[in-house]
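Participant: Line order of the protein sequences matches chains S and B. Following the numbering used here, the numbering of the first sequence begins with 1 at its first residue and continues without gaps. Following the numbering used here, the numbering of the second sequence begins with 1 at its first residue and continues without gaps.
You may find that some hints are simply not true.
[As the list claims (entries may be wrong)] Taking lysine-lysine pairs in the DSS-like style, the calculated list, with each CA pair at most 27 Å apart, reads:
| id | chain 1 | residue 1 | chain 2 | residue 2 |
| --- | --- | --- | --- | --- |
| 1 | B | Lys66 | B | Lys80 |
| 2 | B | Lys348 | S | Lys60 |
| 3 | S | Lys122 | S | Lys34 |
| 4 | B | Lys347 | S | Lys122 |
| 5 | S | Lys34 | B | Lys66 |
Note that these hints are calculated values from the structure, not bench results.
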Amino acid sequence: MQLAAYIPAGVVFLLSLGFVGLLMCAAIFLGPKKLTAEKLTSFECGSEPIGSPRARFSVKFYQVAILFLIFDVESAFMYPWVVNFRELSYTPAGAVSWFGFTEMALFVGMLVVALTYVWRKKAIGWD
Amino acid sequence: MLMIFLLGALKWLGLIMVFVMPVASLLTWAERRQSAMMQDRLGPNRANIGSVRIWGILHFVADAVKMLFKEDFVPAKAHKTLFRLAPVLAFAPVLIAFAIIPFGPTIHVDHLFKVLDPYSAPSGGERLQIFTAEFGMLFYFAIASIANYGTTLAGWASYNKWALLGGLRASSQMMAYEVTMGLAVLGMFLVTGTLEPGAMVDWQGPNPLHWGITVQPLAFLLFFTAAIAETKRAPFDIPEGEPEVIGYFLEYSGLGFGTFFLAEFVEIVFVGALMTTVFFGGYHIPGLYQNGFYFGDWFFELPHVVVAVLQVHAFIFKVIFFCWFQLLIRWTLPRFRPDQLIHLGWKKILPMSLANVMITAAVLLWLGL
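Isolated chain B (complex conformation) (with noise of 0.2 Å):
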């Protein structure tokens, strides 16, 4: 029991702590760096420790230490508790939605330096993901709509009409897009037939062509989509713009404002790793099976340890390639009206997904399972 515990939290700190956290507040310098890239700036470059000066990454830290010591103050007329309390709402739910991610193969702490037999895994052994659950991707669904109470709670409880007028555009797009998010991804569910990420990840194994996006493209692109809206950025930036859009945290300061800011990069890092699991086999790398690589006829034995270690590294590259796809999005494209919005989920993205589950079934059962 307290060995699941210590196990539970140990997961959650390396996960969260050492690859989230950090990526995350990187991505705050690094979308800077990147939009000043494609417009021909230079950026923020400057930030350095003593002549430490790596590109100005030190900027996230600066940001960090800036925001913690900024004056962090309730208005007056503003409900103070729903006050304090939304930002808790925006941030937690992503922070807990990443138990449900396998983020590295199942560890088997006495053949670490053993070859494993390709063909039946150890019995035991520890799986690098927090959450196992029958219904995986069901709990991230439902966790990630408290989301929306955070948005739309800030929104509310800051007693004034800007901040109100975005959090009720968060709340309808958030609306607009949960179902097509749910619906786009049911392909997927149905080729794999479950709705665990780690059996959905063992699924596609460590041939691309048997990978989601191979099998599923369509479902990618809509999914995909329907996900880079639910985390309301560009194009999808109505309820909160950075340079003219009013939003929501109008009247958040200091930290408050912090974790709105951070959330929304936690969010990106948290596409990014549905994205790989769904879609891109999770942390598979192309050829490399559970006793070493194979390519075609040329095969190199690998120990445990050193499958486990590539593997998990594999897995923090493609996400770091979402994250980086993202931004790129970001700053390519231009954004859609509110009405532009609701058409493309509704009239779109919802006919597309429900075509799509449909040919998906029939094709299955034309093939004969």
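In isolation and in its complexed conformation, chain S is listed as follows (with noise of 0.2 Å):
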């Protein structure tokens, strides 16, 4: 593909990008602004924040985010096969065959071995 024809997603992120700015650079300058110490406070329905939102605490679902990182790659390999499955399936003298199906039926057994391994393990849920 030639250069140019990435022309257009630049001109969406410039232009997307400044209507948005536009939008936030407007809320800035447009509104009224009286700020007393009271109103800069972090707002908790009137009563007074106990302790700092900075403190460390169990992240719920961490394990989730790890297992997500690995499944999303595993996920990205499977998009060069679907976009490929047509060669994949030609023998070159032009009959069908199963290889590229049995190919990936070895890595999608991979994947649900392992998905059945987190599942037993209890890892995908309230921990």
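Two chains, each in its own frame: build the complex with the hints.
Facilitator: This is how it looks when you write it as structure tokens:
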């Protein structure tokens, strides 16, 4: 693909960011500015904030986030296969071959084994 | 070079400013009005200009003006830069993702008033799609995942515990559904053999029996579910639920809040456009080919310009239908619990999408491709 084909993507980036940036600037300059110390505190329905929001706490679904990384990479591998499925499914002589299907079946089989493992280990859920 | 630049800008302005933004703004009103109708109330119907009061449609103008002139401030302890950056990161990606959506047929300027040849289109012409690339849908997945940063950063930068927790819920939800979203559509990519939305629309054509919904109904169901989960709306509004769940944009005021709010409605329009493109034949109308209508033996010839206008309107109609459908879902279903959400994404949709891909591949081979 020629580099010129990517110009529209650049245009869209510029215009979209410009438009949203404009909105944010309008927000800063159009409204009134009457700041008070009370107004600038954290909003907690009138009560005084206790403790800092930067404190450490247990994050739920942390394991799921790790699993996401693994499965996302694996799903990314399936994209080229999907697009090239027709080329993979013909022998040089032109007959239909199950080569591409078998290869992916092996891969998905491993994926299913991995999923079953984390499922049985109860890694998916409220830990 | 300059021509490509200007054409891109023109198409963006046409799609976003003339269609997406007005529809998204109207949806802010339509959502309240539709929920009111479904709950036997009246809803917002009062906004008017003089005696003009079209069922209160003007509420979206009133809301926009009010939001523009509200005080917009950064809380003292918030991280100033990230606090301002977060709404941009939440909103801009959706607008960018619209680049891959084909919203009309290829326009041949010098053939506007002629009837096109049914079997071969004239060379050249300008496709009504801003960015055509072989990796089209991957571009969307990549761009859409940037929106995660917007919500998570908004929660963290606010220096507020509730906002932080809301941001974390948003990130865990989007992570749970990104994998399933990518895998759910694979079946459709397999059938069409392409990732490019324009090519997928061409493949589907004007015959509804050849549309994604007919050839890949399960993929549609799974993808639509995952897409709604990505927009963070009911029944998946765990990160932020208007009446009772405090979310990541708690500390935002004025247009900062407005940007998050509007981003959600633009996402609804985008999901509508995506479903239309991938599963409902894009801009095609059943029976309308590039030279006119065919219904069995009956044929009605139409010039190129009329066909193009009809097809753009078909796209708009389908997108608005899906917006309405998403509002309907929102006001019909109750909210999921976080563990139910993870359960649905990982233990139901994920295995089903994998099975769908492999069965689709086997059927394709069995039919001889």
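Participant: It remains to establish, for every hint, whether it holds in the given structure.
Facilitator: Each hint, compared with the structure:
| no. | hint | in the structure |
| --- | --- | --- |
| 1 | B:Lys66 x B:Lys80 | 24 Å, holds |
| 2 | B:Lys348 x S:Lys60 | 20 Å, holds |
| 3 | S:Lys122 x S:Lys34 | 52 Å, violated |
| 4 | B:Lys347 x S:Lys122 | 11 Å, holds |
| 5 | S:Lys34 x B:Lys66 | 17 Å, holds |
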